Each structure stands twice: as structure tokens, then as C-alpha cells.
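In order, the protein sequences belong to chains L and U.
The opening position of the first sequence corresponds to residue 1 in our numbering, with each subsequent residue numbered one higher.
The opening position of the second sequence corresponds to residue 1001 in our numbering, with each subsequent residue numbered one higher.
Worth flagging that the hints you see were computed from the coordinates, not collected in a lab.
What you were told as hints is all true, and nothing was included just to trick you.
Some, not all, of what chain L presents toward chain U, calculated at C-beta under 8 Å: (1) Met-126; (2) Leu-127; (3) Ile-128; (4) Glu-129; (5) Thr-167; (6) Ala-168; (7) Arg-169; (8) Trp-172; (9) Lys-173.
Away from chain L, derived, C-beta distances all over 10 Å, residues of chain U: (10) Glu-1051; (11) Gln-1153; (12) Tyr-1176; (13) Leu-1223; (14) Ser-1239; (15) Pro-1404.
This one's a predicted model, so the numbers in the text were calculated from it and none came from an experiment.
Ideal placement from N, C-alpha and C gives every residue a C-beta, glycine not left out.
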Amino acid sequence: MAGLRIRSMRGGSGVPLLLLHRSTGNTGWSEFHECLSTNFEVDVPDLPGYGQSTLPEWAREPRDLAILMLQYLRKRDLRAASVVGLGFGGFIAAHMATMDAESVGRLVLVGSPGLRPEEGEIMDQMLIEHAAYVKAGFRDEETATRHLGEEIDPNLLALWQFNRVMTARIAWKPYMFDPRLPALLPEVRTPTLLVYGGADRVIPPAIPARYASTLPNARLELIPEAGHLVEVEEPEVVAGLVHAHALQSQPTSTRT
Amino acid sequence: MLIGHFTERPYQDPNSQYFGATGRNIQDLSISNADYDPKIGSALYNRYLDERVYAEEMGFDAVMLNEHHSTPFCMGGVVNVEASILARITDKVKIVINGNVLPIWDDPLWLAEELATIDMISEGRLVTGWVRGTGRESVAHNAQPPFNWARFQEAHDLILKAWTTPGPFRWEGDHYQYRYVNPWMRPYQQPHPMIMIPGVLSRNTVEWAAKHRYPYVMLATRLEPTKQSFDYYREVATSEGYEAGSEHIGYLFKVHVDETEELAYETGKKFLEGPGNIFLEGSRGVVSPVLQNLPGLTDRNNLLPTGQVGIAAASRGHSDLGKSGDGADPAPSGPPRPAAQAGYDEQLENYTIITGTPKTVIPKIRHVLETLRPGSIFFWDGDGAMTHEDSMRSLRLFGSDVIPAVREMADELDLPGPYEKSPADARPVDTPAAVEASD
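Only chain L is shown next, with the shape it has when bound in the complex:
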């Protein structure tokens, strides 16, 4: 696709669902993937430049990956798919919806950046040790240790380190937001679910609030105790919300 090789993991059966990973990348078939696969045919590509997908040398911003992912949906003949973006993947999914609302049947953003927060700052993964950044994704130190262990697997660290290069190529500045999105999102009528952790230490609450007020068909679900990595901490809860959202009927349009 566009001269790139895209690697993806697939599983489950049901309605097609495209799942876009976080800036840390795909770390394998997780509990969250498993929960989704009971109701969906889940497709989890490595975003171009991440993991085992080819790096598009020319890409300079997250929107470039959104274009590629729309091409990917067409190539795979996935129409009006549910697109679930985790973290940075949600930033890309939001761009996809602004460009081609037909292709994105349902949109879910989980702990995603993409907008400049009116208050607070997005935690900068470039200026702290990456392991510390990932740990900050959990609600607290104890939860982080429970998921990552006392010693983080060196393979995992190496993968993060590798993926970070692509993030620096396309999201170094502006860091994790696009000033064009607020102008474009009001036209996105795709039913959108926003899932954020109430104890998110990476994304300030101003961002989900702004998504909720800018997108005309969005609903915000705050998981009070969860950190930034909501789907890791609460896989069943998030998968359940995604399922309910994907199955809900198309809202009556209020087009003017």
C-alpha cells in the first residue's frame, strides 16, 4: 500500500473493527484485543513506521498516517468500519473522520491527544525516560508494576525506543496536537465515543472536554479510577463500551 508493507494482527469475528495502537506501538495480542474479538473482527495494524510496518520516509505529521489508514481501509474493503484509536492512534482516527466520514462508521478515542489543551499540558514523552513515561500511563506506581513487572522486559523497552523515532518524525512539533482539528471536527457527524481515565496523568481533562464540545455526536465516558492506559487497566469495561457504541443505531442526522 503506497509502496509500504503493513503488518497487522487479526482475530475474532463479527463487525469489522480497525484498532489503531498507541505511540508506544503494538505489544502483542492483549486482553483488550481478546475482549473485543468476541464481538468484532478485529484488525490491528502496525501503523506505518511503527513495529514491523515500513516507514514512510515522506510522512511529516499524524495526518499523513490518517491518509494511509484510509487507504488501508479501502484496500481491505472495510466500509463504514468502527475505528478505535488508543492514545496517539485516536489522534489519527480523528483525522481520518475529518477526511472521510463515510469510511469511519463509528469512532472511539481512548485517552487520545490531538487537541491543544486550554488548560494543562500533554505529558512530553521526549523529555523523560521512556520507561517512566509508560509507567505514568498507569493510575499509580503499584498498578504500573502489576502490569509491567518490577523489571520491564528489555524487548519491550527496545520496541518503545524504536517506535519513538517515528513519533518524533511526525509528532515532535506541535507535540501531539493539530491546530486544524478544532476547525474540522464540528463537521464530523460520526457517532463518537470518548473514553478517558479520571486519573489520567498524561492527557489533561481539558482535551476530552474539548473533543466532547467540538464533535457534534460525541459522548464522553470517564472511567473514574483509571489512568491514561484505560484499555490496559480496564479491558473489559472499555471493550463493553466499544461494543455498545458500535451496535447503537445511527443517530438521526440533524443536518442543516
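Following the hints, put chain U in place on chain L, whose structure we already have.
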């Protein structure tokens, strides 16, 4: 041989406690410029400029400046301003900028204009040098680390073309685009100023410098890995079809000269005190692993022998490598660390620091010249916690004893510098200064 003088121009401020034996740790990303006192800054800039003028009087061929950002160990954030002033207030010395951090310039044509202006004001005495910078520089001016090397190369190509090709022309590159390149200034030296490439650890850069036949200046790295890096330069040169000589090899190393051995020993210790370069052995600073590890900044498969263990700090024997450090040192008023003290004697033994009277310093310099065979050397002095008086005593003795002896040595060892034998074509360089000298 080209003999130059260098200091990083540390921000010495007793009040900020980033100075002297009671110094707080300097760790990138952990200190605030709230502590910066512009009155002290003013006095220091003027002091360092005065010392450069005196270096010229004492017979140095060159004064070298460097550029770092957001750190107390080097005040050269806007090094071209210092170079511009030196262009006017000195008469003979080469003004070596080693170097401008190319990838952080969003408008390198502006840099081409500045450098050409400096070259004209100095009547052809600019030696321009370009570096890729450390993570600190990328962060300080928010340049994307993964494009560092590509931007370095493209900015270089653009500047060279702007200097050597009559305008106007267009530049539609990957990282820089200009619809009208036609600067209304051209460098005094033709076809362009002498270029030197300083470095520490990037194999790519050495290879690139050798391919362009630019002299490569290793910056205060240990002798053995430095020698290996120069061997790599020679290897590339051979495959490029030319033989690299001393004119292609430069070395910066720490030398302090003083009136007595005791005074030299005590003053040399100050290299390790005060706000010295945090990368250097025995330094009080702490290297930030985050900044050394910015995504995509350095291809880890392309490190020189000086950097194979990981980062520049280690190549210079820095013991704090990899530790996250404690930026907010809770005990800033403690005594000097014994580690730094022990490190000092060791460094005197392994030539990381040379200090003494001219009598003891000269044979050590000879050892360095015999080992590395450089055509350009830069004595790094007046740094860390050294005072103006310390610097001036040393400069005077360099002038009276050391420089004349080193010149004889260079002749005897046949180490021509880049002005005696052009790195580009091995011919003598007909510089304005050389013409003047033969008058």
C-alpha cells in the same frame, strides 16, 4: 601547524552555586535560568573576549569558539556574535567556530549570510565548523532529532552553494526551500572559508568529513580511541583516492601552563571545578540520559571507537554514564567530591589533562603530537573554575615558551596544518594573512 586556543566560556557565578568547590550539579533539564545574572554574564563575555585578544598577542594562530544552548558550561549560545566582535577587535588570528549546530537552524541561508559577513569583517580569517549538536541543542531549539543528520547535510549543501554559485537560484530541498537564493554578501575567502568539522562519536560524520576532505577535529577525547577514529578517516580517504595527512587532522585537548609545578597542579584542578562541561571526565555535571537518547538522534550502529560504549561522556571517561542523576542536589554546600579529586591525578596520567610549567608540559604535548599526528591543535584552557588571572598567566607562558617549542616540534615531526597544505588539494593556501606575513 595551526595552533589555537579554546575555552568553553563557562558561566561562573558564585551566587548561583553552579560554580567552584561548592557547586551544585549541572544536569540538563533540571536547572532554571532564574539563576542567571546578566551582570555576571556581561562581565564574563567581556573577560573571555579580552582573553582572546591576549591569545592573539601571545602568538596563537587561532582562537576557537563553540556553541551550546541552555547550559551554564558554555556561554556560546550565539557564538556568531562573539565571532563577529573578534573579527573586528583582532588582526591576525583565525576565528574558528567549531561549530555552528547546523540542524537546529530553520533558516540556514541566514547562517550563510552571517558567516560571510564575519569572513569579510575579519578579512578572510573565519574558519567555519559545523556540528550536529547534542540532544540538548535539539531540544533547546526544538529541532526534530530524527532529521538531524539529513538537515545537517542539506544545510551544508545549501550554504556551500550559496557561497560558491552566483545567484539567484532556487532551492527546493527535503528540509529547506527557498524561492530566491541570492545573498548580498559573499565570503572574503574564495571559493569559501576554510571548513573544519569537529566531533566526538559519529562515524557518519567522520566518513562524511573525509569524503569532503574537511579537517576533522576530535574534541578532548582520550588518545587511543581518538587515534582509531583518525585511522578511520584515513581509511575513508584512501577509498576516496587521496591520502589524508596532518592537514586533515585536528585535536582539542586540555593544557594549562603555570609558573610553578605546584601552582600548575592546583590550577589544573579547576578544570574539574565550577561549571565545566558535563560530558568531561571528573566533571561535576550529570549527563541526562534522556537527552543522550533522543529518538533518532544518533544511529547507534554508527559510533566511533570513542563512542562505542554508548555516549560521548563515556568516551571521555565520565563515570556518571547512564545514571539519572539528582538534579536538585540537596547538599549544594558540601565539600568537593573525592571522586573528582581522584579522577584528577588519573587524568594527569592519561593525558586527559596536561598541566605544568613549560618545561614539563612541552614533552607531554610532544607525546600527543607523535601519537595523533595532527596538523591543527587547540589548547583548551581557562575553563571550569579558572579565573581571569589563571588564564592570563597560562596564555603568557604559552606565548613565551610553549608555542615556539611546539612550532619547532611540528616542523621536526612534519605536521603541516591546513593553511600550509590545503586539505582540498594539498597545495599551500594563499590566505590574506599569509600574504600579509610575507610582505
